[in-house]
Amino acid sequence: MADAAAEGYAGEITPQQAHEWMEAGDAVLVDVRTDAEREWVGFVPGALAVPWKQWPGMALNPGFDRAIRQAAEDGRRLMMLCRSGVRSIAAAQRATELGLTAYSITGGFEGVPDEHAQRGHKNGWRHAGLPWRQN
Numbered sequence: 002m003a004d005a006a007a008e009g010y011a012g013e014i015t016p017q018q019a020h021e022w023m024e025a026g027d028a029v030l031v032d033v034r035t036d037a038e039r040e041w042v043g044f045v046p047g048a049l050a051v052p053w054k055q056w057p058g059m060a061l062n063p064g065f066d067r068a069i070r071q072a073a074e075d076g077r078r079l080m081m082l083c084r085s086g087v088r089s090i091a092a093a094q095r096a097t098e099l100g101l102t103a104y105s106i107t108g109g110f111e112g113v114p115d116e117h118a119q120r121g122h123k124n125g126w127r128h129a130g131l132p133w134r135q136n
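For the sequence shown, position 70 matches number 71 in the numbering used here, and the numbering has no gaps at all.
Treat the hints with caution; some may be incorrect.
Said to hold, decoys possible - Using 25 Å as the maximum straight-line C-alpha spacing, the simulated DMTMM-like pairs for lysine to aspartate or glutamate come out as follows: (1) 123 - 24; (2) 54 - 13; (3) 123 - 13; (4) 123 - 38; (5) 54 - 66; (6) 54 - 36; (7) 54 - 38; (8) 54 - 8; (9) 123 - 66; (10) 54 - 40; (11) 123 - 98; (12) 123 - 74; (13) 123 - 21.
Bear in mind the hints are in silico, worked out from the structure with no lab data behind them.
Here the structure is a predicted model, which means the values were calculated and not measured.
Using the sequences and the hints given, assemble the complete structure.
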């Protein structure tokens, strides 16, 4: 069950719920961050990398629609992961427009900034202690 229904997509889920669904094979974790973000900051093993936007210029990824349609071919739900949970909302809304069931993961990979403007201390995948790696 999603944490909260949202306009334009299935809703928000916690990183813990996303991890459970991923481990059970009930949903596909789609990392919508740029290639550079995954390389520099870290990534979730087993996640499908489909950038929403890409450098240079943070242009929309022209292959996004095709890639997420393929990821959901078997009817599985999509769980969108970005840095802090903002781009993943846009990606989930786009997936929903394509007729897919998509959620945004609350706090994203790094979480929202804390009172010192630092990430990774409030919420998000890494803060929850879920599996991730760095190259």
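Structure-based check of each hint:
1. Note on residue 123 and residue 24: the hinted pairing holds, with a Cα-Cα distance of about 24 Å set against a maximum of 25 Å.
2. Note on residue 54 and residue 13: the hinted pairing holds, with a Cα-Cα distance of about 21 Å set against a maximum of 25 Å.
3. Distance restraint check for residue 123 and residue 13: the Cα-Cα separation of roughly 17 Å lies within the 25 Å cut-off, and the hinted pair is therefore satisfied.
4. In summary, the hint linking residue 123 to residue 38 is supported, as the alpha carbons are separated by about 19 Å, within the 25 Å threshold.
5. A C-alpha spacing of about 12 Å is found between residue 54 and residue 66, which places the hinted pair at or below 25 Å, so the restraint holds.
6. Restraint check for residue 54 and residue 36: the C-alpha separation of about 10 Å stays at or below 25 Å, so the hint holds.
7. Of the pairs offered as hints, the one joining residue 54 and residue 38 holds, with about 11 Å between alpha carbons and a cut-off of 25 Å not exceeded.
8. Pair hint residue 54 plus residue 8 holds up; C-alpha atoms about 22 Å apart against a cutoff of 25 Å.
9. The straight-line distance between the Cα atoms of residue 123 and residue 66 is roughly 31 Å, outside the 25 Å bound, and the hint therefore fails.
10. For the given pair, residue 54 sits about 15 Å from residue 40 by alpha-carbon distance, which is consistent with the 25 Å threshold.
11. Restraint check for residue 123 and residue 98: the C-alpha separation of about 31 Å exceeds 25 Å, so the hint is violated.
12. Simply put, residue 123 and residue 74 have alpha-carbon atoms about 34 Å apart, too far for the 25 Å limit, and the pair is violated.
13. Simply put, residue 123 and residue 21 have alpha-carbon atoms about 20 Å apart, close enough for the 25 Å limit, and the pair holds.
Checked against the numbered hints given earlier, the structure breaks hints 9, 11 and 12 and satisfies all the rest.
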